[in-house]
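> Here the protein sequences line up with chains A and B, keeping their order.
Here my numbering is used: position 194 in the first sequence is 204, and no number is missing along the way.
Here my numbering is used: position 1 in the second sequence is 11, and no number is missing along the way.
These are calculated hints, taken from the structure and not from any lab test.
From the three backbone atoms N, C-alpha and C, an ideal C-beta is built for every residue, glycine too.
Keep in mind that a hint or two might mislead.
[Claimed, not checked] Label pairs and their calculated CB-CB ranges:
| no. | chain 1 | residue 1 | chain 2 | residue 2 | range |
| --- | --- | --- | --- | --- | --- |
| 1 | A | ARG27 | B | ALA154 | 14 to 24 Å |
| 2 | A | GLU56 | B | GLY135 | 15 to 25 Å |
| 3 | A | GLY132 | B | GLY163 | 14 to 24 Å |
| 4 | A | ASP52 | B | ASP111 | 44 to 54 Å |
[As the list claims (entries may be wrong)] To give an idea of the chain A side of the interface with chain B (calculated C-beta under 8 Å), a few residues:
| no. | residue |
| --- | --- |
| 5 | GLY28 |
| 6 | PRO33 |
| 7 | ALA77 |
| 8 | PRO79 |
| 9 | GLY140 |
| 10 | ARG143 |
| 11 | GLY176 |
| 12 | TRP180 |
| 13 | GLU183 |
| 14 | GLU186 |
| 15 | SER190 |
| 16 | PRO198 |
[Said to hold, decoys possible] Going by beta-carbon spacing under 8 Å, a handful of chain A positions derived as facing chain B:
| no. | residue |
| --- | --- |
| 17 | GLY30 |
| 18 | THR69 |
| 19 | SER149 |
| 20 | ALA154 |
| 21 | GLY184 |
| 22 | VAL211 |
| 23 | TRP215 |
There are 2 protein chains.
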Amino acid sequence: MRLVLASASPARLAILRGAGVEPLVEVSDVDEDALVAELGEDATPEDTVGALALAKARTVAARVAEAVPDGVVVGADSMLWLDGELVGKPAGVDAARGRWDQMAGRAADLFTGHALVQLTGGAVGREVTGHARTAVAFSEPTTAELEAYLASGEPLAVAGAFTLDGRGGWFVEGIEGDPSNVVGLSLPLLRRLLAEIGVGVDALWGAPTP
Amino acid sequence: MRLVLASASPARLAILRGAGVEPLVEVSDVDEDALVAELGEDATPEDTVGALALAKARTVAARVAEAVPDGVVVGADSMLWLDGELVGKPAGVDAARGRWDQMAGRAADLFTGHALVQLTGGAVGREVTGHARTAVAFSEPTTAELEAYLASGEPLAVAGAFTLDGRGGWFVEGIEGDPSNVVGLSLPLLRRLLAEIGVGVDALWGAPTP
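So that you can see chain A by itself, here it is in the shape it has in the complex (with noise of 0.2 Å):
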């Protein structure tokens, strides 16, 4: 059972290493733009996350169902829900600070969308999603810190200008929720979305460590 991570994320890759699986990666060229575009204004951030995470798993799911006859397609997507606001990766520095400003001492909801897209005998086969929500709490760094952290340049490649897993972890006081959704990939909900399909997490891992 071959799992294909359709996600460039290294966080996302990490996660899943971490955890004992290392999956095929192959990158999706879904437009998000215009995806979101097309969801209109009304999308909940459950709407907009889940839409990506399928787009992107179904468009590597058609392009490697001949190279990976029996496995599954992942595709995840990640957004911050800050204010009554869905933001995603900063557009600079200065974004990113203004982003610190508002986040610094509050809460945010991380929502990262799921998508499972089974490959069976070299077809595409079930599709399965779900999404998961964890509220962060964020420290107030010093300006010293913050301007470290944006010169370190972590802050701005990531959906709410912050890591959980990297340097940003300094600055998270607390989650209430699955730590993993926040890097981007949410261990135990990907479970319960293969279990779906039959397979389990042992499936995954093959032959035990000696």
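With the hints as your guide, set chain B onto chain A.
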């Protein structure tokens, strides 16, 4: 400002590295069982992990003070509070299986004690201590999943017989609190303790990543 990690835990080292800090690692030789026995049965979870963390940091501080004239030694100790009992690493596969039979589908609290000992001008300086508590809700692994997890060896090496940052992450539904605390070193708590001795996180990072 050099950070010295008084712990053999690869998970604690990985947290610091992921958060942009490369510590010097110097493992203490504290007799943990003797110290716990000395504290007596009335010791709270906070007392126990706090005393162990401080003992580790003090031992290492005395040893490295000359070699690291300007630094901070960090000691930490983690335990799981489960059904009114403080549990550390399981004694073997059977103990880990029994622990999971007890934990599955339920919640427990992960306590980590933290102690900083400052090194100034080659001498041991101020001490600051704290502790953090994170609630962890466990899933119910299938028999096949649990046996594969036990066979991986991972749960045998860690307090509470689970990992949040490894294969065990599949079986943690969610947490309330700081995730790095569950892994063994709370970054936001460490940041607050460092602030007490006048050190910002930016001082640990050095030059920005290009």
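> Take the hints in turn and mark each one as holding or not.
Now the hints, each set against the structure:
no.: 1; hint: A:ARG27 x B:ALA154: 14 to 24 Å; result: holds (22 Å)
no.: 2; hint: A:GLU56 x B:GLY135: 15 to 25 Å; result: violated (51 Å)
no.: 3; hint: A:GLY132 x B:GLY163: 14 to 24 Å; result: violated (36 Å)
no.: 4; hint: A:ASP52 x B:ASP111: 44 to 54 Å; result: holds (47 Å)
no.: 5; hint: GLY28; result: holds (6 Å)
no.: 6; hint: PRO33; result: violated (14 Å)
no.: 7; hint: ALA77; result: violated (26 Å)
no.: 8; hint: PRO79; result: violated (23 Å)
no.: 9; hint: GLY140; result: violated (13 Å)
no.: 10; hint: ARG143; result: violated (10 Å)
no.: 11; hint: GLY176; result: holds (6 Å)
no.: 12; hint: TRP180; result: holds (5 Å)
no.: 13; hint: GLU183; result: holds (5 Å)
no.: 14; hint: GLU186; result: holds (5 Å)
no.: 15; hint: SER190; result: holds (6 Å)
no.: 16; hint: PRO198; result: holds (5 Å)
no.: 17; hint: GLY30; result: holds (4 Å)
no.: 18; hint: THR69; result: violated (26 Å)
no.: 19; hint: SER149; result: holds (6 Å)
no.: 20; hint: ALA154; result: holds (5 Å)
no.: 21; hint: GLY184; result: holds (5 Å)
no.: 22; hint: VAL211; result: holds (5 Å)
no.: 23; hint: TRP215; result: holds (6 Å)
Hint compliance for this structure: hints 2, 3, 6, 7, 8, 9, 10, 18 are broken, all remaining hints hold.
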